[in-house]
Amino acid sequence: MYRSITSRYRPIKLGDTFIVREANHPVEFKVVDMEPGTECVVAPETEIFCDGEPLRREDEERLDSVGYDDVGGCRRQMDQIREMIELPLRHPTLFKTLGVKPPRGVLLYGPPGLGKTTLSAIIANEMGVNIRTTSGPAIEKPGDLAAILTNLAPGDVLFIDEIHRLSRVAEEILYPAMEDYALDIIIGKGPSARTIHMPIPRFTLIGATTRAGQLTTPLRDRFGVLLKLELYSPEELATIVKRSADILDISITADGAKSIASRSRGTPRIANRLLKRVRDFALVKGDGVITSEIAKYALESLEIDELGLDNIDRRMLEAIIKFYGGGPVGLDTLAATIGEESVTIEDVYEPYLMQIGFLSRTPRGRCVTKLAYDHLGIPFVTNGYTSPTQLQGQNKIEI
5 MYRSITSRYR
15 PIKLGDTFIV
25 REANHPVEFK
35 VVDMEPGTEC
45 VVAPETEIFC
55 DGEPLRREDE
65 ERLDSVGYDD
75 VGGCRRQMDQ
85 IREMIELPLR
95 HPTLFKTLGV
105 KPPRGVLLYG
115 PPGLGKTTLS
125 AIIANEMGVN
135 IRTTSGPAIE
145 KPGDLAAILT
155 NLAPGDVLFI
165 DEIHRLSRVA
175 EEILYPAMED
185 YALDIIIGKG
195 PSARTIHMPI
205 PRFTLIGATT
215 RAGQLTTPLR
225 DRFGVLLKLE
235 LYSPEELATI
245 VKRSADILDI
255 SITADGAKSI
265 ASRSRGTPRI
275 ANRLLKRVRD
285 FALVKGDGVI
295 TSEIAKYALE
305 SLEIDELGLD
315 NIDRRMLEAI
325 IKFYGGGPVG
335 LDTLAATIGE
345 ESVTIEDVYE
355 PYLMQIGFLS
365 RTPRGRCVTK
375 LAYDHLGIPF
385 VTNGYTSPTQ
395 LQGQNKIEI
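Take any residue in the sequence shown, count from 1 to its spot, add 4: that is its number in the working numbering.
Honestly, the hints are just simulated from the structure, not real lab data.
Every value quoted in this text rests on a predicted model; they were computed, and no experiment measured them.
Do not take every clue at face value.
As the list claims (entries may be wrong) - Distance windows between CB atoms, simulated:
1. G41 x K193: 46 to 56 Å
2. S255 x D55: 35 to 45 Å
3. T138 x A197: 23 to 33 Å
Even glycine gets a Cβ: it sits at the ideal position worked out from N, Cα and C.
Using the sequences and the accompanying hints, generate a full structural model.
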């Protein structure tokens, strides 16, 4: 700790907190006393006294307490995790006798917001080990990944989010680490260069991605377990909303939780975000308790309908109907029409609209289905085109 802050001539004042990354994990410290004055620049001659336990954030403690029973969905995936990962690592002698080896890695893939990071934390918590979290874009050089791997403790979980964005050079560092728990390091250049095979502690790699197809085949094939996370049911989301409300000390009725869950697009992250927004309405318009009536009023005020469609979803569907006769229309053309990024439409809005049957994707482009016409209150024409006169008197279309 002393070396890490004195070498940088760091300015510090009373009450500051700072993180020191030593050994295997970051540790947070707080300045509680200082002489003379209340501000200084830490230099090599500065005397530093350390006492007490490392600071812990409230959300970290909550995360540490998360277990399998706290998750409202993904039951099938969690059963597979227990059988294929946790049990072999907990009982290595038994499974070695049976000839069963634990998989070297787990790949979690699916739409964003489904709890891939939370699942990785649950795996670490249930196994009683620490978790190191990073992301593909954060690993710019192979040396960055090598430093993380060599600092792992035996049994640790390494979670790499957006693993599809790892550089190809960094990927090659992972291959021997996943297969042999070792790093192949090249020392020297030219004819005198040689390779050193350096062992590293045994660890469990968990990768998460929203685009499994962008992973290279060699990396994808090295994962022993591939788990796809799918959109949650309203019942599962209601359970998650209730648990989140308990953590945040929010009073909510069962019907209120169901109302929020039904408009959360099958995504826990959206459900938790809407819960906080509805709480604000409950404090202003009610007595602080989220009921079904308060939830519906709040979500309608936010222009979120009973299926979870927001203003952009409706603009997207209505643009395809009004300007392109219901489709087909290309992604880039649609993005330019409604003023959104193509990647945003493809990753955020399309999956849910396709899941509920409002949008179909063909080789020629996107098409709106009859279900979407009915939901928007627009007459459906079999040839795919709705004339301007047919739109008169119907829902107003704003682009």
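Structure-based check of each hint:
1. G41 x K193: 46 to 56 Å: Check passed, 51 Å falls within 46 to 56 Å.
2. S255 x D55: 35 to 45 Å: holds, 40 Å
3. T138 x A197: 23 to 33 Å: holds, 28 Å
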